[in-house]
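Visitor: The chain contents come next:
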Amino acid sequence: EPEVTQTPSHQVTQMGQEVILRCVPISNHLYFYWYRQILGQKVEFLVSFYNNEISEKSEIFDDQFSVERPDGSNFTLKIRSTKLEDSAMYFCASRRPGQGADEQFFGPGTRLTVL
Amino acid sequence: EDQVTQSPEALRLQEGESSSLNCSYTVSGLRGLFWYRQDPGKGPEFLFTLYSAGEEKEKERLKATLTKKESFLHITAPKPEDSATYLCAVQPPNNNAGNMLTFGGGTRLMVKP
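The listed protein sequences derive, respectively, from chains Y and G. Start counting the first sequence at 116; every next residue gets the next number (the numbering used here). Start counting the second sequence at 23; every next residue gets the next number (the numbering used here).
Certain hints may be false.
Okay, the calculated beta carbon distance ranges per label pair [said to hold, decoys possible]:
1. Y:Lys198 with G:Lys91: 31 to 39 Å
2. G:Glu80 with Y:Gly131: 49 to 57 Å
3. Y:Glu200 with G:Met132: 29 to 37 Å
Straight-line distance between alpha carbons at most 27 Å, and here's what the computed DSSO-like set of lysine-lysine pairs gives [unchecked claim]:
4. G:Lys64 with Y:Lys172
5. Y:Lys172 with Y:Lys157
6. Y:Lys157 with G:Lys90
7. Y:Lys157 with G:Lys91
8. G:Lys64 with G:Lys79
9. Y:Lys157 with G:Lys79
10. Y:Lys157 with G:Lys134
11. Y:Lys157 with Y:Lys198
12. Y:Lys193 with Y:Lys172
13. G:Lys101 with G:Lys85
14. G:Lys64 with G:Lys81
15. Y:Lys157 with G:Lys64
16. G:Lys64 with Y:Lys198
17. G:Lys64 with G:Lys134
18. G:Lys91 with G:Lys81
19. G:Lys134 with G:Lys81
20. Y:Lys157 with G:Lys101
21. G:Lys134 with G:Lys85
22. G:Lys81 with G:Lys101
23. Y:Lys193 with G:Lys64
24. G:Lys81 with Y:Lys157
25. G:Lys85 with Y:Lys157
Chain G is nowhere near these chain Y residues, computed Cβ spacing over 10 Å in every case [said to hold, decoys possible]:
26. Thr128
27. Met130
28. Gly131
29. Gln132
30. Val139
31. His144
32. Arg184
33. Pro185
34. Ile194
35. Ser196
None of these hints come from the bench; they were simulated from the model. In this text, a Cβ means the ideal position worked out from N, Cα and C, and glycines have one as well.
Produce the entire structure from the sequences given, and follow the hints as far as they go.
Guide: Written out as structure tokens, the structure reads:
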């Protein structure tokens, strides 16, 4: 069964460093998402991406964050200058096109630890 | 602002003891309500989508129902392997292509053998 994959599974970085989190969505999906979950808190929406552009973003997704689909399979989230409060699980999700195809399928997550 | 509230926060059951989890929502014109299962340290795993009041979906020991203000996830004769956090999420009307999900805080279910 096709699934969303994410790398790395755990990333440790120093405050102020740049990190890139990588995702490979399910192959026939066209809508891509990033969410994050701070330990013990709700899953929060960051950004959605379709047709090579951002379609929606939350207040969390400020100018320190960016997303890119550099080729036909990868979808990345970049944090330019990490802060302590960026420590969280980051989940990528994807959704197939079509009417009634609203469910999003999530990857296993990348645990980001900022020291 | 869209709100999703799940109760209880935690639920302990004996194996075989049926119960229900609640998800109440306030959203202007719900497009869809979703149930996910999340195991510790893992990503949410899709379970059900519900679109309209009165709709029901079933999968093994789980049944999800929807009213105009809330959804229930009924667990019949649970087994220890059903232990997980169950997340509810809502999707507002499709005003744009984003289709973002707003999640509740989850119910942590523990089923004892």
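Visitor: Lys157 of chain Y and Lys101 of chain G were given as a pair; does the straight-line alpha-carbon distance stay at or below 27 Å?
Guide: holds (26 Å)
Visitor: A cut-off of 10 Å on Cβ-Cβ distance, and Pro185 of chain Y was said to be off the interface with chain G. Does that hold?
Guide: With a cut-off of 10 Å, Pro185 of chain Y remains clear of chain G, as the shortest Cβ separation is near 21 Å.
Visitor: Find the nearest Cβ of chain G to the Cβ of Ser196 of chain Y and say whether that gap is larger than 10 Å.
Guide: Fine: 25 Å to the nearest Cβ keeps Ser196 of chain Y off the interface.
Visitor: Lys81 of chain G and Lys157 of chain Y: Cα distance at most 27 Å?
Guide: Holds, at about 25 Å.
Visitor: Would you say Met130 of chain Y is clear of chain G, with no C-beta pair closer than or equal to 10 Å?
Guide: Consistent with the label, Met130 of chain Y stays out of reach of chain G, its closest Cβ about 24 Å off (over 10 Å).
Visitor: Taking only the CA atoms, is the gap from Lys81 of chain G to Lys101 of chain G under or equal to 27 Å?
Guide: Distance ~14 Å between Lys81 of chain G and Lys101 of chain G Cα, so the pair holds.
Visitor: Taking 27 Å as the top limit, are the C-alpha atoms of Lys134 of chain G and Lys81 of chain G close enough?
Guide: Since the Cα atoms of Lys134 of chain G and Lys81 of chain G sit roughly 21 Å apart, the hinted pair holds (cutoff 27 Å).
Visitor: Would the hint linking Lys101 of chain G and Lys85 of chain G be met if the CA-CA limit is 27 Å?
Guide: holds (15 Å)
Visitor: If you check the beta carbons of Glu80 of chain G and Gly131 of chain Y, does the distance land in 49 to 57 Å?
Guide: holds (50 Å)
Visitor: Are the Cα atoms of Lys157 of chain Y and Lys79 of chain G separated by 27 Å or less?
Guide: Holds - the C-alpha atoms of Lys79 of chain G and Lys157 of chain Y are around 24 Å apart, at most 27 Å.
Visitor: Between Lys193 of chain Y and Lys172 of chain Y, is the straight-line Cα distance small enough, at 27 Å or below?
Guide: holds (14 Å)
Visitor: Please work out if Lys64 of chain G and Lys172 of chain Y have their alpha carbons no farther apart than 27 Å.
Guide: holds (23 Å)
This entry satisfies every hint, going by the numbered hints stated previously.
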